[in-house]
Amino acid sequence: MSFYRKAKKQRDEKAFEELLEKEKQQLYRIAFLYVKNETDALDIVQDAVYKAFINRDTLVKEEYFSTWITRILINTALNFLKNKKKIVLSNEIDRLNNAENDKMDDRIDVLEAVKRLEEPYKTTIILRFYKDFTIKQIGETLECPEGTVKTHIHRAMQKLKLDLGKEYAK
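Quick note: the sequence shown uses full-length UniProt numbering, first residue 1, plus one each step.
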């Protein structure tokens with residue numbers, strides 16, 4: 001390997017590490033939302049990072065890194081669940097289970113309702129409200145038109161309202 005190629009490879013790896021450092025907490029949170037198990041979430045993140053690193057040449061622009069690696073993570077998590085057939089729970093349920101006030105109980109109810117949503121509604125809601133993605137970013141991540149994303153959000157919200165009842169229908 002020439003000196004130039006070796007230097008370029010080292011720069012690429014360093015740039016990848018810097019971009020990853022900004023995303024690692026969010027990646028873990030999303031993985032945990034899918035599996036509700038620290039060990040499995042860490043495994044999913046590790047697998048997703050490995051896949052992203054191996055395929056880093058497919059990243060078109062650095063500005064799309066977050067969307068790109070989130071898509072890889074979601075696919076990895078869904079494959080994991082498909083293979084393990086585990087019950088999907090949310091990250092925050094454990095932290096909030098011991099909550100005493102009504103506000104915390106309401107939050108638990110909402111999180112449990114989100115975990116009961118079927119795909120792609122669950123993923124759309126997680127990206128929109130837990131990762132604060134825009135409609136456009138969700139569309140890019142899920143590789144679907146923005147109109148479809150809006151429809152998924154609307155239908156998911158309707159399902160959540162039905163599931164949670166009148167007290168949440170505001």
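These are calculated hints, taken from the structure and not from any lab test.
Keep in mind that the hints are not guaranteed to be accurate.
[Claimed, not checked] Derived EDC-like pairs (lysine to aspartate or glutamate); straight-line CA-CA distance at most 20 Å:
(1) K161 x E143
(2) K131 x D57
(3) K14 x E63
(4) K131 x E23
(5) K115 x D132
(6) K82 x D132
(7) K61 x E21
(8) K61 x D43
(9) K22 x D12
(10) K159 x E118
(11) K150 x D109
(12) K122 x D132
(13) K36 x E146
(14) K122 x D12
(15) K159 x E119
(16) K61 x E13
(17) K122 x E112
(18) K24 x E146
(19) K51 x E112
(20) K82 x E62
(21) K14 x D47
Here's how the hints hold up against the structure:
no. : hint        : result
1   : K161 x E143 : violated, 27 Å
2   : K131 x D57  : violated, 25 Å
3   : K14 x E63   : holds, 16 Å
4   : K131 x E23  : holds, 11 Å
5   : K115 x D132 : holds, 18 Å
6   : K82 x D132  : violated, 26 Å
7   : K61 x E21   : holds, 17 Å
8   : K61 x D43   : violated, 27 Å
9   : K22 x D12   : holds, 16 Å
10  : K159 x E118 : holds, 10 Å
11  : K150 x D109 : violated, 23 Å
12  : K122 x D132 : holds, 14 Å
13  : K36 x E146  : violated, 29 Å
14  : K122 x D12  : violated, 34 Å
15  : K159 x E119 : holds, 12 Å
16  : K61 x E13   : holds, 15 Å
17  : K122 x E112 : holds, 11 Å
18  : K24 x E146  : violated, 26 Å
19  : K51 x E112  : violated, 30 Å
20  : K82 x E62   : violated, 30 Å
21  : K14 x D47   : holds, 19 Å
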